[in-house]
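Asker: Given next are the chains, with one letter for each unit.
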Amino acid sequence: MISYIVRRLLIVIPLILLVSSLLFVVMRVVAIGDPATALLGVEATQQAVDSLIRRMGLDRPLWEQYCTYMGGLLKGDLGRSLIGGEKIVDALRTVLPYTFTLTIVSVLISLFIGIPLGILAALHRNRWMDHLLRATSTIVRCMPTFYLGLLILIAFAVKLRLFPTIGGGDPSSPLDLAIHLVLPALTLALPSAASFMRLTRSTFLEQINEDYVRTARAKGLTERVVIYKHALRNCLSATLTITGLQFIALIGNGVLIENVFGRPGLGRLIVGSVLQSDYTSVQSLLLLYAAIVILINLLTDLTYAFVDPRIRYS
Amino acid sequence: MRMRRTFLVLGMLALAFAVVGLMSVAEEETLKFGSDASSLGTLDPLYAVGHQNKPVVDAMFDGLVTLDWSDPNYESLLPELATSWDVSEDGLQITFTLREGVFFHGGYGEFTADDAVFSLQKLVNTDESAMAGYLASIDSIQAIDSHTVMVSLANPDPILLMNLAKYAQMLSKAAYEDIPQEEHSTRPIGTGPYILDELRPTESVVLVANADYWDDKPYFDRIEYLLLPDSTTRELAFLNGDLDCIRGVNDSLWIERMQEQSGVIVDIYPPTTYFPLIFNLTIEPFDDIRVRKAIAYAVDSQAVADYTGAHASVNKMPVPEIVGAATPEQVPPPPYYYEYDLDEARSLLAEAGYPNGFEFTTITSDRALYYDRMVMVQDMLKQVGITMNLEVIAHSIFVSTLREGETPFSIMGSNRFTAKELLNDFYHSASIPGSPTARFNFGFYSNPAVDALLDAADKLGTIEEAAPLWHAAERLIMDDLPQYPFFQAASAIVARHSYLTYPEMTFSLNTSYRFDLMGKEED
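Residue numbers (numbering that gives the first Met the number 0), protein chains in the order written: chain A, 0 to 313; chain B, 0 to 522.
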């Protein structure tokens, strides 16, 4: 097991290097404009643009820019924004806590809503409760995230005035941060919960028909113990896979929610950088995103070993 | 025992009230503004040119002179860091007397002539500032003594003082040299009424009032400038009372909807943004004037202006009604004013060899103002057999692509104060892509007679003398039709709650707001 973990971790470094190189190439090859024109705007003369490109170091040969960037990465330096000059690490430090709390809370909410509802649907299979739950989950999953977000914003913030409309909250007040978290987390959690509900329902139905369940009932165990202690445990590994994937998806969906709720986050940072053709920021931020994905996948794989005794890594 | 407890509780309640009472007395006045930008870019006054960051920068810096905010124009400027100025007879020298007792933020000392000279030298240098083009007439800057500065010009420039007011912020030499280059964008040090408190480039900026400001303290102690690119969110937050003022959407439906809300005022400001249709004269068939005229006849500008809203109008002349523009009486129109006439369009196309029209592909920005209009033009051209295929790309890439000079047909929005700027930027051959001075002449229009008129006008000292030359240039341009004037629309649209007050022209320059002149009406 330990050797498995070590092997997985060792692969991470060349993987990160590969991804960062790919990102570098993509950024320069795909035409997304240049940061000098983005910064100076339509009004600038060609001379001003060329001059600023020189100042940004973008006129240096590509291989030299590549080496400077990769050299920095190997030292743990994510570089500076080409537009504002601020260190990307500093920008991330302010912004990542918001993204992580939103994502983690959303995943937790979706698990707490999705799994019980899935069991409920499975137990009442093909009756009205099941149909209602499945129909609702389809509608919620098909709705565009930002649309759902706006509906929730209008309902709870504007009409009912229960929550603030915009912002991430005052960082010095945990209560304020929590209040600003509710609506965005709900928006992200609902479609995710719908996915968990359907998954739980189908894996649960599989498990309920297995031999060991019949044996457990024959042994005289209560239905409650049969469901929770036995059947549900075996659904966990499938749920875990989806949890990991949902976590990654929610970080990605974050940008739409951050825009709708005016909330700070990684998504807005990435989008802002792309719109300004800020190569360094986009490269480093997407690299971070890739690193998160790799890490989540690793964690998901490792937790399988704890949850499912049949899986052993050697 | 019970008595003591009662007294304790009462005492604590009293304390609580006192604290709350004190807090409300010390409460700050905060202005919350919702911008439509998704990113601030830079806060360095040498590079902040857009409406997303210039207002923030202008709140933190002062210039030598400032516009008269009750009536901004190029002729009446008010003192700011210069208490008075003297223009020489020949218009080639301006001597500024600087204000004493002005201090920079951050403890960087008193503002002196050295700072003024340092700032202006940076501003006029194309390699160090984006403002150099506006100050091109400046030849040299000298400090006469600690509080006197003399600026020498290469040629008389009637709008130089206005451009100094709009674009030339005074930097602290000490701060600029002390702060590392890569931090200039995030650590602005000026003399202005507000100081930077907190900066999050893709979310918000917070400014606090400068306690040591040399002039009157502004009403608002704190400005929260929030970036909210989603227009629905911005609108909802504004209507909910979470924002005092927001940047609007240039759309007639939005404007009408907001005007119907009680307690909401929508302000629409000049200058108008001018949107010509630009033909690339190096690409067939746009090199044929008959084809250009045909397209001009096929496009129904009035319909586009109507769709845009009451703040839009048709443009018939190359220069809209701005300073130095010709009126229809001054430049008698050629036999064609390009009124909407599909038959004329079709017959011109046939004459040019395209009786069944033709097909081409071009690009458009994804910004609604550009995209919607191009789609309308696409439909109009279809009526005469011209198929225009549109590729939609992000705005910043759109601009870079236009500069490459290979776009056959495009629309570009721009606003200018005087005919001089507009004519030079769009019609002078020096503005053609590929040269260092390239501006908006994306169509490669080059007429030596026009160039000569514009160059001669640049040397004249007053608008009145230059205007006839500009009118003559306009006439030549109308004959050549390198661009079709199309339409114009007011550019700055802002919605505010009625309790928020500011001088009428506060947003008039589109790029600069005056947070320090804003206030609240007490109920």
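No lab work stands behind these hints: they were computed from the structure.
Among these hints, one or two may not hold up.
Okay, derived cross-link-like pairs now, SDA-like style, lysine to any residue, Cα gap no bigger than 20 Å in a straight line [stated by the list, open to error]:
(1) K458(B) <-> V263(B)
(2) K158(A) <-> S230(B)
(3) K292(B) <-> R345(B)
(4) K121(B) <-> M55(A)
(5) K216(B) <-> F416(B)
(6) K458(B) <-> T400(B)
(7) K158(A) <-> V263(B)
(8) K86(A) <-> L286(A)
(9) K86(A) <-> D196(B)
(10) K86(A) <-> E520(B)
(11) K86(A) <-> S37(B)
(12) K158(A) <-> L238(B)
(13) K519(B) <-> D177(B)
(14) K519(B) <-> E28(B)
(15) K519(B) <-> E223(B)
(16) K381(B) <-> T361(B)
(17) K158(A) <-> G240(B)
(18) K458(B) <-> Q260(B)
(19) K121(B) <-> Q45(A)
(20) K121(B) <-> D49(A)
(21) K86(A) <-> T185(B)
(22) K216(B) <-> Y501(B)
(23) K86(A) <-> D177(B)
(24) K158(A) <-> I158(B)
Per label pair, the in silico range of CB-to-CB distance [said to hold, decoys possible]:
(25) P60(A) <-> D177(B): 24 to 34 Å
(26) T302(A) <-> D378(B): 49 to 59 Å
(27) Q46(A) <-> E350(B): 54 to 64 Å
(28) D76(A) <-> S87(B): 48 to 58 Å
(29) L150(A) <-> Q382(B): 50 to 60 Å
(30) T100(A) <-> R221(B): 45 to 55 Å
(31) S69(B) <-> G75(A): 33 to 43 Å
(32) E520(B) <-> M142(A): 39 to 49 Å
(33) L61(A) <-> F357(B): 47 to 57 Å
(34) Q46(A) <-> S69(B): 28 to 38 Å
(35) D378(B) <-> P173(A): 53 to 63 Å
(36) D76(A) <-> D177(B): 15 to 25 Å
Some chain B residues judged to face chain A by a derived CB distance under 8 Å, without partners named [what the hints assert, rightly or not]:
(37) K121
(38) A131
(39) G132
(40) S136
Just so we're clear, the structure is a prediction, and the values are computed from it rather than from any experiment.
The C-beta atom is built at its ideal place from N, Cα and C for all residues, glycine as well.
Asker: State for each hint whether it applies.
Answerer: Hint by hint, here is what the structure shows:
For the hint pairing K458(B) with V263(B), the CA-to-CA distance comes to about 47 Å; that exceeds 20 Å, so the pair is violated. Between the alpha carbons of K158(A) and S230(B) the distance comes to roughly 18 Å, so the proposed pair stays at or under 20 Å and holds. Straight-line distance between C-alpha atoms of K292(B) and R345(B) comes to about 10 Å, which keeps the hinted pair within the 20 Å bound. For the hint linking K121(B) to M55(A), the alpha-carbon distance of about 17 Å falls within 20 Å, and the restraint holds.
Using a Cα cut-off of 20 Å, the hinted pair K216(B) and F416(B) is violated, with the two alpha carbons roughly 31 Å apart. Distance check on the hinted pair: K458(B) and T400(B) sit about 33 Å apart at the alpha-carbon level, beyond 20 Å; violated. Distance check on the hinted pair: K158(A) and V263(B) sit about 18 Å apart at the alpha-carbon level, within 20 Å; holds. As the CA atoms of K86(A) and L286(A) are separated by approximately 15 Å, the hinted pair is consistent with the 20 Å bound.
The hinted pair formed by K86(A) and D196(B) meets the criterion: a straight-line CA distance of about 18 Å does not exceed 20 Å. Taken as a hint, the K86(A) and E520(B) pair is broken in the structure, with Cα atoms around 42 Å apart against an allowance of 20 Å. Note on K86(A) and S37(B): the hinted pairing holds, with a Cα-Cα distance of about 19 Å set against a maximum of 20 Å. With a C-alpha separation of about 11 Å, the suggested pairing of K158(A) with L238(B) holds against the 20 Å cut-off.
Restraint check for K519(B) and D177(B): the C-alpha separation of about 39 Å exceeds 20 Å, so the hint is violated. Restraint check for K519(B) and E28(B): the C-alpha separation of about 9 Å stays at or below 20 Å, so the hint holds. Among the hinted pairs, K519(B) with E223(B) is consistent with the structure: their alpha-carbon atoms are about 15 Å apart, no more than 20 Å. For the hint linking K381(B) to T361(B), the alpha-carbon distance of about 15 Å falls within 20 Å, and the restraint holds.
Between the alpha carbons of K158(A) and G240(B) the distance comes to roughly 12 Å, so the proposed pair stays at or under 20 Å and holds. Proximity of K458(B) to Q260(B) is assessed by CA-CA distance (about 51 Å); at most 20 Å being required, the pair is judged violated. Distance check on the hinted pair: K121(B) and Q45(A) sit about 18 Å apart at the alpha-carbon level, within 20 Å; holds. In summary, the hint linking K121(B) to D49(A) is supported, as the alpha carbons are separated by about 17 Å, within the 20 Å threshold.
At roughly 10 Å between alpha-carbon atoms, K86(A) and T185(B) fall within 20 Å of each other, so this suggested pair holds. Between the alpha carbons of K216(B) and Y501(B) the distance comes to roughly 15 Å, so the proposed pair stays at or under 20 Å and holds. For the suggested pair K86(A) and D177(B), the alpha carbons sit about 18 Å apart, so the restraint of at most 20 Å is met. Distance hint between K158(A) and I158(B) is unfulfilled; the C-alpha atoms sit about 51 Å from each other, more than 20 Å.
Distance hint for P60(A) and D177(B): a CB-CB separation of about 33 Å, consistent with the stated range 24 to 34 Å. The hinted range of 49 to 59 Å is satisfied by T302(A) and D378(B), whose Cβ atoms lie roughly 57 Å apart. Look at Q46(A) against E350(B): about 41 Å separates their beta carbons, and that is not inside 54 to 64 Å. Distance hint check for D76(A) and S87(B): the Cβ-Cβ separation is about 53 Å, which falls inside the suggested range of 48 to 58 Å.
For L150(A) and Q382(B), the hinted distance range of 50 to 60 Å is not satisfied, since their beta carbons lie about 40 Å from each other. Between T100(A) and R221(B) the C-beta distance comes to about 26 Å, which lies outside the given range of 45 to 55 Å. Take S69(B) and G75(A): their Cβ atoms lie about 55 Å apart, and the range 33 to 43 Å is violated. Distance hint check: the CB atoms of E520(B) and M142(A) are about 42 Å apart, consistent with the given range 39 to 49 Å.
Taking the beta carbon of each, L61(A) and F357(B) are about 39 Å apart, not inside 47 to 57 Å as hinted. Our hint of 28 to 38 Å for Q46(A) and S69(B) holds, since their Cβ atoms are close to 37 Å apart. Taking the beta carbon of each, D378(B) and P173(A) are about 55 Å apart, inside 53 to 63 Å as hinted. For D76(A) paired with D177(B), a C-beta distance near 23 Å keeps the hint of 15 to 25 Å intact.
Because the smallest distance between the Cβ of K121(B) and any Cβ of chain A comes to about 13 Å, over 8 Å, the interface hint for this residue is violated. Using the Cβ-Cβ criterion of 8 Å, the hint placing A131(B) at the interface with chain A is satisfied: the shortest such distance is roughly 7 Å. For G132(B), the suggested interface contact is upheld, since its CB lies about 6 Å from the closest CB of chain A, less than 8 Å. With 8 Å as the threshold, the beta carbon of S136(B) stays out of range of chain A, its nearest partner Cβ sitting at about 15 Å, so the hint is violated.
Of the numbered hints stated above, those contradicted by the structure are hints 1, 5, 6, 10, 13, 18, 24, 27, 29, 30, 31, 33, 37 and 40, listed in ascending order.
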